[in-house]
Amino acid sequence: MRLLVVEDNQDLLKSILRFLQKEGYNADGAIDGDEGLDMAFEKRYDCIILDVMLPGVDGFEFVESLRENQIDTPVLMLTALDAVDDKIKGLASGADDYLTKPFDFRELLARIKSLIRRSNLTKGEEVVFKDLKLNGRSKQVKIKDELVKLSKREFDLLELFLRNPEITFSRDEIVEKVWENEKEIRSNVVDVYVLYLRNKLKPYGYDRYIETVPGLGYRFHRG
Amino acid sequence: MKAMKSLRKAIERYYLSIFILSMCAMAVTFLITVERLTMKQIDQELLAFANDLKHFLENPTGELVAVFGKKDYSFEVIENGKTYASFNISEQIPSDHQGFGTINYKRVYSTRAGTYKLIVLKDIRDHFVIMTILAVVLAGAIVILTFLLHRFGLRLTSKMIQPIEQIGKQMDDISKGIIRQIQIEPTSQEAYNLQNQINDALKRLHDTMEELREFASSLSHQLRNPLASAKAQIEVMLKETDSEEIKTELTSIKKNIDTMVQITSGLLLIARAQHQREDSFQQEDVSVIVLESVEQVMQRFPQTDFILDVPAQIKARCVSGLLSHAFINLIENACKYSQIDKPVKVSLSEKNGFVIFSVSNHGEPIAKEEISKIFERFYRAKNAKPDGLGLGLAVVKAIADLHHAKIEYSYNGTNCFSLYLPA
Numbered sequence: 001m002r003l004l005v006v007e008d009n010q011d012l013l014k015s016i017l018r019f020l021q022k023e024g025y026n027a028d029g030a031i032d033g034d035e036g037l038d039m040a041f042e043k044r045y046d047c048i049i050l051d052v053m054l055p056g057v058d059g060f061e062f063v064e065s066l067r068e069n070q071i072d073t074p075v076l077m078l079t080a081l082d083a084v085d086d087k088i089k090g091l092a093s094g095a096d097d098y099l100t101k102p103f104d105f106r107e108l109l110a111r112i113k114s115l116i117r118r119s120n121l122t123k124g125e126e127v128v129f130k131d132l133k134l135n136g137r138s139k140q141v142k143i144k145d146e147l148v149k150l151s152k153r154e155f156d157l158l159e160l161f162l163r164n165p166e167i168t169f170s171r172d173e174i175v176e177k178v179w180e181n182e183k184e185i186r187s188n189v190v191d192v193y194v195l196y197l198r199n200k201l202k203p204y205g206y207d208r209y210i211e212t213v214p215g216l217g218y219r220f221h222r223g
Numbered sequence: 001m002k003a004m005k006s007l008r009k010a011i012e013r014y015y016l017s018i019f020i021l022s023m024c025a026m027a028v029t030f031l032i033t034v035e036r037l038t039m040k041q042i043d044q045e046l047l048a049f050a051n052d053l054k055h056f057l058e059n060p061t062g063e064l065v066a067v068f069g070k071k072d073y074s075f076e077v078i079e080n081g082k083t084y085a086s087f088n089i090s091e092q093i094p095s096d097h098q099g100f101g102t103i104n105y106k107r108v109y110s111t112r113a114g115t116y117k118l119i120v121l122k123d124i125r126d127h128f129v130i131m132t133i134l135a136v137v138l139a140g141a142i143v144i145l146t147f148l149l150h151r152f153g154l155r156l157t158s159k160m161i162q163p164i165e166q167i168g169k170q171m172d173d174i175s176k177g178i179i180r181q182i183q184i185e186p187t188s189q190e191a192y193n194l195q196n197q198i199n200d201a202l203k204r205l206h207d208t209m210e211e212l213r214e215f216a217s218s219l220s221h222q223l224r225n226p227l228a229s230a231k232a233q234i235e236v237m238l239k240e241t242d243s244e245e246i247k248t249e250l251t252s253i254k255k256n257i258d259t260m261v262q263i264t265s266g267l268l269l270i271a272r273a274q275h276q277r278e279d280s281f282q283q284e285d286v287s288v289i290v291l292e293s294v295e296q297v298m299q300r301f302p303q304t305d306f307i308l309d310v311p312a313q314i315k316a317r318c319v320s321g322l323l324s325h326a327f328i329n330l331i332e333n334a335c336k337y338s339q340i341d342k343p344v345k346v347s348l349s350e351k352n353g354f355v356i357f358s359v360s361n362h363g364e365p366i367a368k369e370e371i372s373k374i375f376e377r378f379y380r381a382k383n384a385k386p387d388g389l390g391l392g393l394a395v396v397k398a399i400a401d402l403h404h405a406k407i408e409y410s411y412n413g414t415n416c417f418s419l420y421l422p423a
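Chains as they are written, first to last, in the numbering used here: chain A, 1 to 223; chain B, 1 to 423.
Isolated chain A (complex conformation):
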């Protein structure tokens, strides 16, 4: 596993690199955006950890430039807390997740793992079910070419169902698969999200495919 960390605070950069190396990752560091871009173009990384506030090329421009050059390495953005819009801008420019500074290394590690796992799992694959198309890379769901706006969790839940049709998942299994590292999610959250998802699919008549299996959980039934 090869990671790239772009961070202009030298002390922080050093600590992150040391920590990641301890965890068994092969991590490179860059002190500004230009250096980071050069490295990202040169080598193939599994994940890029990127500070938003960088001298020279900033985080947003960095991601845009990556995506323009067809490099779809997952990017985890490090943002300042008070810059609420940064998050939205970061995700819009093509970043995959964000983390506010200062953060726990435990959290950083969990996010990196989840990003890598997901990018391996869904490498641009598209799932098609009748008129419904789910794109794992662009995180878009279309029904009859009409975009269905889903939140991150709703998307992940739908993706789980579509990729594993006819399999009954218990609520705990869904928590494990969709929330991955957030172990403490109570199963009633699953019920609420299933409700949300059904609600969004209802106008197209697709809500009936998500079935409640009494006493067990939920399944996606193609019938």
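A couple of the hints might just be wrong.
Here chain A is said to cover these stretches of chain B; the calculated rule only asks that three of the stretch's residues, wherever they fall, bring their Cβ under 8 Å from a Cβ of chain A [said to hold, decoys possible]: (1) 233–244; (2) 301–307; (3) 400–414.
Derived from the structure by calculation, the hints contain no laboratory data.
Note that the structure is predicted; figures quoted are calculated from it, not measured.
Where is the CB? At the ideal position from N, CA and C, for every residue including glycine.
Could you slot chain B onto chain A? The hints should help.
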């Protein structure tokens, strides 16, 4: 506070009393003048009548005195204490009476003509009646005028006092909300000056607060990078060391750093909420924001059970990045102060143009006198947990204010905080 006299009433009482006094003085002067003039007229008539009589007595061959048509008049001629002639006399006139006088509604004039004593009288009952009517009319006029003046004056004083009342009202709003300039309709130079003076003071206050806020915000911001580095370095050291003693020390340092991070987060969020522009508001799915907030709190409170009543796709215009912090803080508080083994309930609903977020727990009710204070920065309630900083609810308040949302606290067996967000 002791009840103060109303300025408006004082002014009103003042000019009304001056008005009544001067009106009464004028009326009395008028009545006296009229009385004097009519008396003078009557006296001249009496004198003329007496002269006619005198002339007749001195020249008995002359023309007769015309008493016909003068039913108001009466006379008596006395010679050596005996009545020589009289007409229409009913009163007893004292024998020593001389000159003009008034007896029993009659004007009397006594004079001497040779050996005779001559007394003439005129009935002035009518005159008294007229004067009384005049007095009553005048008094009535004063009462009516006073009433009119009172009505008219009320408007005048309230117009004069209006700037002061406007200033008071606007200052009231300012002390409840944000500092802004006051704007009144000045009715006088003094009011205009007062407005300018107050605005100058408000501007200074606003600038000072702004500076302070910016200072806190930039200080927090500047602190975060070194804090992030220090935290990262400690985490690496924690991983690398084998000594339990050092680990304990490092963990305690990390905890302190986390506290500092929390303080800077709180202050930054408050500053952010106070400076957020309206154009960053977007139509958002509040249901999703609530659920994501709940998820975050669940991580931190693995023991707490949650009851969720969050229907899908309730939407409102908001800044989702900030609103989620308000939700998280409220839910976190509910967990912190909940009885063990009792669930925390989070609900979202839509009613009368409001999106209502509520979180309730089974805990100790908040004392009445503390409710208004718990939203202040760094205020620690009596039963506050030792690990709190007193910033959580201040952040909630700042974010609620940004969204023009109302926060309500109620206790009905359970503690319930509700946020009313205009949809």
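Verification of the hints:
Counting residues of the stretch 233–244 of chain B whose beta carbon lies closer than 8 Å to any beta carbon of chain A gives 5, which meets the minimum of three for the stated coverage. Counting residues of the stretch 301–307 of chain B whose beta carbon lies closer than 8 Å to any beta carbon of chain A gives 5, which meets the minimum of three for the stated coverage. Using a Cβ-Cβ cut-off of 8 Å, 0 residues of the stretch 400–414 of chain B lie near chain A, which falls short of the minimum of three, so the contact claim is violated.
Checked against the numbered hints above, the structure violates only hint 3.
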